[in-house]
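Protein chains in written order, with our numbering: chain A, 1 to 411; chain B, 1 to 411; chain C, 1 to 411; chain D, 1 to 411.
Among the clues, some could well be false.
Pairs involving identical chains hold if they fit within one copy or between any two copies, as the list cannot separate such chains.
Claimed, not checked - Here are the simulated BS3-like pairs of lysine-lysine, each with C-alpha atoms no more than 30 angstroms apart in a straight line:
| hint | residue 1 | residue 2 |
| --- | --- | --- |
| 1 | K182 | K48 |
| 2 | K359 | K40 |
| 3 | K270 | K359 |
| 4 | K263 | K359 |
| 5 | K263 | K182 |
| 6 | K182 | K40 |
| 7 | K182 | K359 |
| 8 | K21 | K182 |
| 9 | K97 | K263 |
| 10 | K21 | K97 |
| 11 | K97 | K182 |
| 12 | K263 | K21 |
| 13 | K97 | K270 |
Note that these hints are calculated values from the structure, not bench results.
Quick caveat: nothing in here was measured; it's all calculated off a predicted structure.
If you want the building blocks of each chain, they are given just below.
4 protein chains.
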Amino acid sequence: MSALQDLEQLLEDIKNKPASKTLPEGFPSEIPVSLQGIRKRLAFLLEKTDMDFPYLSGQQPFSDVSRLEGNIENYIGMSMVPTGVIGPVSVLGSMAKGDFYIPLATSEGSLLASYHRGARACYLAGGATSVCLIDGVQRSPVFKFDNLGNLGTFLVWIIGHLDEFRRITESASRYARLTDMKSNIEGNHLILTFEYHTGDASGQNMVTICTDAICQYIIQNAPVQPRFWFIESNFSGDKKATSQSFANVRGKKVTAEIMLPEKLVTDVLKTTPVAMAEYWRSSTIGTIQSGSIGAQGHYANGLTALFIATGQDVACVSEASVGITRMELTSDGGLYVSVTLPNLIVGTVGGGTSLPTQKECLELLGCYGAGKTRKFAEICGALVLAGEISIAAALSAGRFTAAHQKFGRKR
Amino acid sequence: MSALQDLEQLLEDIKNKPASKTLPEGFPSEIPVSLQGIRKRLAFLLEKTDMDFPYLSGQQPFSDVSRLEGNIENYIGMSMVPTGVIGPVSVLGSMAKGDFYIPLATSEGSLLASYHRGARACYLAGGATSVCLIDGVQRSPVFKFDNLGNLGTFLVWIIGHLDEFRRITESASRYARLTDMKSNIEGNHLILTFEYHTGDASGQNMVTICTDAICQYIIQNAPVQPRFWFIESNFSGDKKATSQSFANVRGKKVTAEIMLPEKLVTDVLKTTPVAMAEYWRSSTIGTIQSGSIGAQGHYANGLTALFIATGQDVACVSEASVGITRMELTSDGGLYVSVTLPNLIVGTVGGGTSLPTQKECLELLGCYGAGKTRKFAEICGALVLAGEISIAAALSAGRFTAAHQKFGRKR
Amino acid sequence: MSALQDLEQLLEDIKNKPASKTLPEGFPSEIPVSLQGIRKRLAFLLEKTDMDFPYLSGQQPFSDVSRLEGNIENYIGMSMVPTGVIGPVSVLGSMAKGDFYIPLATSEGSLLASYHRGARACYLAGGATSVCLIDGVQRSPVFKFDNLGNLGTFLVWIIGHLDEFRRITESASRYARLTDMKSNIEGNHLILTFEYHTGDASGQNMVTICTDAICQYIIQNAPVQPRFWFIESNFSGDKKATSQSFANVRGKKVTAEIMLPEKLVTDVLKTTPVAMAEYWRSSTIGTIQSGSIGAQGHYANGLTALFIATGQDVACVSEASVGITRMELTSDGGLYVSVTLPNLIVGTVGGGTSLPTQKECLELLGCYGAGKTRKFAEICGALVLAGEISIAAALSAGRFTAAHQKFGRKR
Amino acid sequence: MSALQDLEQLLEDIKNKPASKTLPEGFPSEIPVSLQGIRKRLAFLLEKTDMDFPYLSGQQPFSDVSRLEGNIENYIGMSMVPTGVIGPVSVLGSMAKGDFYIPLATSEGSLLASYHRGARACYLAGGATSVCLIDGVQRSPVFKFDNLGNLGTFLVWIIGHLDEFRRITESASRYARLTDMKSNIEGNHLILTFEYHTGDASGQNMVTICTDAICQYIIQNAPVQPRFWFIESNFSGDKKATSQSFANVRGKKVTAEIMLPEKLVTDVLKTTPVAMAEYWRSSTIGTIQSGSIGAQGHYANGLTALFIATGQDVACVSEASVGITRMELTSDGGLYVSVTLPNLIVGTVGGGTSLPTQKECLELLGCYGAGKTRKFAEICGALVLAGEISIAAALSAGRFTAAHQKFGRKR
């Protein structure tokens, strides 16, 4: 509900959104890498954000292995992943407001160039609205009984002890808050899905600890004992794309949108809104035929690069890269584009967020530490929006045969 | 078919597989990181594999930015991802044969410890069979016509020109080979799925180039023009989990299996085959309920860490982490475990494989350069098998209530 | 929650469940159809249930076309679907208690013979527990706005008017009760899912009428107008299998279970619990690979035949035939089997329930009219359980090679 | 490939398609049922098609129970399902050419009225193109081995015996033809998918018999014995919606399309092409969110009613009702609509096709007996197209708020 209040405020901001910004002050973008280019970009970022990057730039070698505590076992050294910056990415969010330079770590050529181009289009269109709508992380233990009768007795007892489970959660973690519990019966199996708010941590460990504490209490006190139980039934969607998480929430749910004027699509993206809308329709049908969960282009590219750079749990790209992209013509010949990411497992504390280069990258976004996760999630939404616009533009540009160009004009 | 010939040979090897190996010569495993531990591990690996790791260990700073050509734009520096090693991972494959020390890059604590434990169990059971069965990478252009009639005329022409498409493929790429073409009609949309062998590259760029060359030829020569076309209909499953890729192949398809004797499960994994089989069944049902594609535990964890360390396209974890894990009791009270990964998009040339630390990590596996991709894919299979065993053991250990322990004994 | 109370009571019944019943008094089962056989069965049913079947048996021709009001347009006559009876099906439910003779209308040979065999096994095992757990029917209108900001303002207003929507529901229908409302934001699209209890009607029309009344109120009173809206976004799962309905509820959710002693499996089903458990595991893996929603054998066969016979909306088999079947060995060598059907759209009033033969068939089950839908749903569960047992038995019998028979014995 | 040749011929027909027909000669449509209306419709059909309907109309009672042989067990009588007729449905197919009156059996009020309205729009637009593209019915036995090595030896042998399997198929059935075999390895499980042409039968029994014969040969002759095997792994998609069948074929694959001029949409369907296109986009997004297989409105309604009337295996609606509907604006302001049904399990011989009323209904369509299945499938396509148009028109009509009507005009 707090997100909804933010939306009301956002309404005013959006009304005042400039139809089109002027060109961004020249971020020194570059495709072939040069030492001079690196220096220029670092200088630009220093001026713009007052940040230097001792670890990322290699000026300061890493030596304090105690900083790795809890992050790795059998350590032998540091893998180095090439990292660049795109931007400015202009975000109109409930927590993320303003222009951001986004660090991306990848070895896939053209990824940054593509996202950078999309970001430029979004910037010139006045920025992307991006809102973190809801959040929740789940654990789903399963309990197995001798029969349905025992299961029923157990479940009646469980439902009477929700307040106790909330109390246990508060004891087990300073940050976690139990927000919901759902039950799901299948024969003599009972899955209980506990959903939590996890503050600014991505929260998978936190919800495991809390759920284990709740389960220990249950096992000790319930009037009927399950034959056995497991703390995770594989229903919660951890590290995998699932229809359930997709249609609900896992981590943060973000939606982002933008209106691209026709001229901007033509001038900057070198295609037309008609062509992009046709591409969207055809590719959405293609996605449906492939048996995908959701329908999107390449969320995984941008998210993976951002997750590596900022110390997120990169394996969660499995679930985070699921969502829906939508593109449609507007009544004035422009293009409406939206992306929806319901499964953003992200955090700005814990995990790899305090590692040397990762901390620097989070700080570049103003997203290091407590109180920053929703902001970070909204930046993810804007990034992904830029990427979807860019790939649809590239795939639709110049791919129309003569016959269609006539068709396009007729429209 | 060549994979099948390999399987015949494998049969003999497997027959001679030792029921149980002795303990591996002490790889200096360690949970809290210490400088002494790092030195010990580097020394151990030097002795075992004759490899040192100048970049990974930080002894040699990275300076030659020309090595980044084609990997990144807007570069500012290197993200450092903590990297450790697990092993030995004993693999009985068609290309991967022997004991491997596998580098994993992650910031998620306990990930390496968990995979290491699984690898130890597999080693003691005589090693994991892991076979790369088939391979293929797809591009799926879509062509849109005025009506079904035109589409039909076009498709009849297309089917008559397969040999020409093969020839074009050979001209467009030294490595790609067109192996199949499928058509899929939906109203006035025609999707053509071109499937290629891509040698030792992961191949996404290669198949785009070849398919574009084929499409240009089609557009110039076909008797009927599509109204428009796009080089990718989003049907091919690039960067996303899909039912189609899962049930067929995308990249390499690998299956791996092992028999764990009961005593080994009890002694090393601290649980029982009965408990693991119960966990598997319950969690498979949980996965089905979640609307997942396939049914597995946490393939994404190991694959992501290995992909980062070895310069793979990490975003492909979206599709690579889909598969099926199976666990069942054997007639002598042990546990059969298999994993199947049909969508391993991996390469040992191109992409990030030549970057400084990434090359070192591939060399540690004996997987750098041409002729190594199938070997690398089989190592992926064995790694994932170890991870599935470890998590199922952890989740099933100690989670049985008194009632069940009695039940367990009876079995 | 009332279902849960029923479960507690059920617990006692189940405890007293006879391990094995004696053979049912001979229902005159018959594979080739004969006039004598028909007479015997009608006589048997008359004696057992005090029912004759004037319309079904053809003794009374149908003439009163006014009974068709609201069921059909452009009527020309009656399609005749062959109908038989299986049973007794012994049900231990919260509403369905006792032995039932179930009418099935089909033209697929061996369908009834197969379900009859399964029912016999269940009867001899003491009957199937079958419980209607929860119920709910949904309508999901979608509202489209100029932008997210407007959507947010609208949604804040919506959430403040739930009581009004409940009141409107009560005015619009005597039977419907609004039990839940969920919101789902995707860009500038807002889907509201209204969930209702629909009494003893299957309820699709009822929820449309109520939701339309609510939407009219919303459009007239909301502070922000959507650009447009549709009463159904195709999210509710009407007439189609969906992951969402499968993991939640649509119509009634029923789960049914039984323990089959080893001797019964051997003697009646001519296979072994080991073979059936193996079949279940292999076929569940096969189902997962096929990209099915849920995992079951042939729910559609029994449900379609029962739906035709009893005047249900047969097209709802699309969603009703989704669920999970589970089979596993018990500690004493028997077989546990359960089925779970979360999307049973069924009713005992309205629709085709009052048509001549359909009414007779519902009366045979004691399920005609108000207050009978949960009972009917539980009978569906028991029927489907019988069918799953029968097909698994048939597919597993005699399909083991010599090698396995040895394996089987060892177990 | 033969379908493709048909498409070429079709091209010419379609070119000559009248832009718009005149109103159909008055089929006496009626919503409330009256004896007079029934007489009028029967007289109309007699004149138009030279058919009377002694069984359907109730003039001739059913008595010859020997006609039920192979269709039912434990028979007690005939369920009567109300049946009406819609039409003319104008079809431009490769086998179905002309105007059809389609019988539908249902108890759901307004179903026929809705399909009738859609059919009228299609008729006035010159008829629906509907083409049966490909066909194939599958059985997927699974073989389980001691290990991958044995599986490999077995599979190498299998691949060398395809010709033998074709020969066995020809011996086992007069009609079946083995067209393809695919293998799918998962650990020590091997699924072989045999695909057949089944002539004019729906073919499920035929493919079971042939596959069993093949498997018996395999078991007797293969160099390695599986530990066990089952004739169906549940991979083939029998009686369930699956992603695999949806993206390939199961039974017949049909696609149908039509162009509706703007004026026709306004005059006959009382909505606008813009509104219908908006509805399509919103509802497709809604469907994606629901986790459906494919994306369509209510294929199940029309197919179920036609299947009951014509003696099809109605339970196959589970798979047959999966597909893709697409609607989009044309350059001249009209609406393009297509439907694609890849899983039409239908037959015109065998099953229930010879039952009294079912035979009459097939004869009304000119689809009784050998050589008619592709024609019947194309009629299914046109019927479903009419239904999708009708529901989208109904849901989009009058649902636009004032703001949108302005928007609509602007377009």
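For the identical chains here, do K270 and K359 meet the 30 angstroms Cα criterion within one copy, between copies, both, or neither? Answer is neither: 37 angstroms inside a copy and 38 angstroms across each miss the 30 angstroms cutoff.
Go through the copies and call it for K21 and K182: within, between, both or neither, with a Cα cutoff of 30 angstroms. neither (47 angstroms within a copy, 38 angstroms between copies)
Please work out whether the CA atoms of K97 and K263 approach to 30 angstroms or closer within one copy, between two copies, in both situations, or in neither? Within one copy only: 26 angstroms inside, 48 angstroms across.
When no copy is specified for K263 and K359, does a C-alpha distance of 30 angstroms or less occur within a copy, between copies, both, or neither? neither (39 angstroms within a copy, 45 angstroms between copies)
One pair to classify: K182 and K48, alpha carbons no more than 30 angstroms apart. Within, between, both, or neither? neither (48 angstroms within a copy, 43 angstroms between copies)
Quick one: K97 to K182, C-alpha cut-off 30 angstroms, is that within a copy, between copies, both, or neither? between (35 angstroms within a copy, 29 angstroms between copies)
Give the relationship of K263 and K21 under a CA distance limit of 30 angstroms: within one copy only, between copies only, both, or neither. Close inside one copy (13 angstroms), not across copies (42 angstroms); limit 30 angstroms.
Reference check for the pair K97 and K270, CA-CA at most 30 angstroms: within, between, both, or neither? within (28 angstroms within a copy, 46 angstroms between copies)
Intra- versus inter-copy proximity for K182 and K263 (alpha-carbon distance at most 30 angstroms): neither (49 angstroms within a copy, 38 angstroms between copies)
Within a copy, between copies, both or neither: which one fits K21 and K97 at a CA-CA cutoff of 30 angstroms? within (15 angstroms within a copy, 58 angstroms between copies)
My question is about K182 and K40: at a cut-off of 30 angstroms on alpha-carbon distance, are they close within one copy, between copies, both, or neither? Intra 54 angstroms, inter 49 angstroms, cutoff 30 angstroms: neither.
For K359 vs K40, is the C-alpha pair at or below 30 angstroms within one copy, between two copies, both, or neither? For K359 and K40, both the intra-copy (22 angstroms) and inter-copy (29 angstroms) Cα distances are at most 30 angstroms.
Hints 1, 3, 4, 5, 6, 7, 8 from the list above are not met by this structure, while the remaining hints are.
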